[in-house]
Amino acid sequence: MKHIFKFILILTLITGCDQKKKESQSEETNPSTSSDAKIKYLYVTTGACYSGGNTTFTTTTASNLIYRLSLNNGQKNLQLADYYSLPGNPGDSPISLIEQDSENLLVLVENTIGRRIEKLAKTNNPPRPLFSSNSTVLNSVLRQMIKTSDNGLLISKSSGIEKISSQGMRIGTPYVASNMGAMCGTNTNITALATTTTGKIFFTNAVTANNRFGVIAANGYATANDCLAVQAAPNPNSFPVAITFIEAYHQVIVAYAGNSLSPDINSIYVYDFNDSTNALSNPTKLYDANTYISAGYLLYGISAMTYNSEDSSFYVSTAISSATTVINYVIEKLNYNPISKTLSRVGSIPFYNFGVDTKCISHLLVAE
Numbered sequence: 001m002k003h004i005f006k007f008i009l010i011l012t013l014i015t016g017c018d019q020k021k022k023e024s025q026s027e028e029t030n031p032s033t034s035s036d037a038k039i040k041y042l043y044v045t046t047g048a049c050y051s052g053g054n055t056t057f058t059t060t061t062a063s064n065l066i067y068r069l070s071l072n073n074g075q076k077n078l079q080l081a082d083y084y085s086l087p088g089n090p091g092d093s094p095i096s097l098i099e100q101d102s103e104n105l106l107v108l109v110e111n112t113i114g115r116r117i118e119k120l121a122k123t124n125n126p127p128r129p130l131f132s133s134n135s136t137v138l139n140s141v142l143r144q145m146i147k148t149s150d151n152g153l154l155i156s157k158s159s160g161i162e163k164i165s166s167q168g169m170r171i172g173t174p175y176v177a178s179n180m181g182a183m184c185g186t187n188t189n190i191t192a193l194a195t196t197t198t199g200k201i202f203f204t205n206a207v208t209a210n211n212r213f214g215v216i217a218a219n220g221y222a223t224a225n226d227c228l229a230v231q232a233a234p235n236p237n238s239f240p241v242a243i244t245f246i247e248a249y250h251q252v253i254v255a256y257a258g259n260s261l262s263p264d265i266n267s268i269y270v271y272d273f274n275d276s277t278n279a280l281s282n283p284t285k286l287y288d289a290n291t292y293i294s295a296g297y298l299l300y301g302i303s304a305m306t307y308n309s310e311d312s313s314f315y316v317s318t319a320i321s322s323a324t325t326v327i328n329y330v331i332e333k334l335n336y337n338p339i340s341k342t343l344s345r346v347g348s349i350p351f352y353n354f355g356v357d358t359k360c361i362s363h364l365l366v367a368e
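The sequence shown lines up with residues 1 to 368 when you count with this note's numbering.
Worth flagging that the hints you see were computed from the coordinates, not collected in a lab. No false leads were mixed into what you were given.
Here are the in silico distance ranges between beta carbons for each label pair:
| hint | residue 1 | residue 2 | range |
| --- | --- | --- | --- |
| 1 | Asn139 | Tyr292 | 35 to 41 Å |
| 2 | Ser70 | Ile327 | 23 to 29 Å |
| 3 | Asn124 | Gln167 | 24 to 30 Å |
| 4 | Thr223 | Asn151 | 24 to 30 Å |
| 5 | Asp101 | Tyr249 | 23 to 29 Å |
| 6 | Thr223 | Thr123 | 42 to 48 Å |
| 7 | Lys147 | Ala222 | 20 to 26 Å |
Calculated cross-link-like contacts (lysine-lysine; reagent style DSS-like; alpha-carbon spacing at most 27 Å):
| hint | residue 1 | residue 2 |
| --- | --- | --- |
| 8 | Lys122 | Lys147 |
| 9 | Lys147 | Lys40 |
| 10 | Lys333 | Lys40 |
Don't be surprised by glycine CBs; every beta carbon is placed ideally from N, CA and C.
Produce the entire structure from the sequences given, and follow the hints as far as they go.
Take a look at the structure:
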C-alpha cells in the first residue's frame, strides 16, 4: 500500500509539471492566453514607396503585402494581407498602418480610383472592413498615417496633412494646407509625420531646393504663428523620407535619401528639440552612405524607419545597392545611443533580407 501511495504521488507531480509546461508553451505561442503577455512585433507594409527620387516600385509592381516579423530573430511570424488577392482591387497598395488597439490595425491604401482606410485584425488574412473612404480627405497621393494622442489620425499626402477622428470624421479643411505661410512656405510633397506628447506635428517636405522638415502647432495650421520651426536638409538634394521623435531625449531623427553617394545625400541626422521654445538645434550626423565602406553597411534610398523605445533600436528599410533604379529592399536593425548620439548595426547581415515580399517597404511599425 505504501508503495502504491508513493507511485500515485509521483505520478501526480509529473502530470502537474507537464501540464504547467504545456500551459507555459501555450502562452508563449498564443500571447492572448496570458493577461500579462504583451509581445511586440515589427509590422511591415510593402506597397508603393518613396525613396528620395530613386526609381522604385509602383502600386502595380510592389509586393503589396502586410506581414509581421519577430523582434527576436527577424523571422516572419504572420502574413496579414495580400492586396493582389480578394478582397483587394486592381491598383491597391498598402502604404502605411497604425495600431488601432491590441487586436486591430488601420491600413492606409493607395489606389487612384479608390483610396481608403481599412480595418485589419491581427490574424491570418482576415476580412478588411472599410474604416473611411472620404474622397475629400484622401484626394491625392498618400504617404503616411500616424496616430495622435487623442486617438485621431494624421495623414500626409502631396497636398497637405489631413486629420480625422477615431470615428472617421474630418477635422479641419484641411488640418494643414500645403501652402503655409511664414517660414513653413509651400510644401507639395509631405512625406512623413511624427508628433510630440503635447501634440505638436513634425512634417517632412521632399522637393528639390525646398527639402526640409518643420514643426506645426498641435491645433494644425491656421495662421503663420502655427508654423513653429523649420530645419533645412543638410544638402539641397537630400530628400527627407522618414522622421521620428524620441520624447525621452527630446531628439528628432530624420532619414534623408537621394540618388547619389555624395556626402549628406543618403544620411540620417539627429536634432535636439526644445518643446518649450520650439528651437531645433545641434544637428548631428548619425550615418552617411558616402562612407558606407568604412561603416560596413549601406543605407541608401531609405523608404521607412521606426524606433523601438524598449531597446533603443531603429528598424530601417534600405535599397540593396546604390543603383538609382532600386532592385529590392532589406530591413536593417540599428542600435541607437541617445547620449553619445551614435548608431551601430546589429549583426553582420540584414535583420530581414530581400525577397519577393520586400518590393518596396513603405512602412514599418513596432506594435503588439
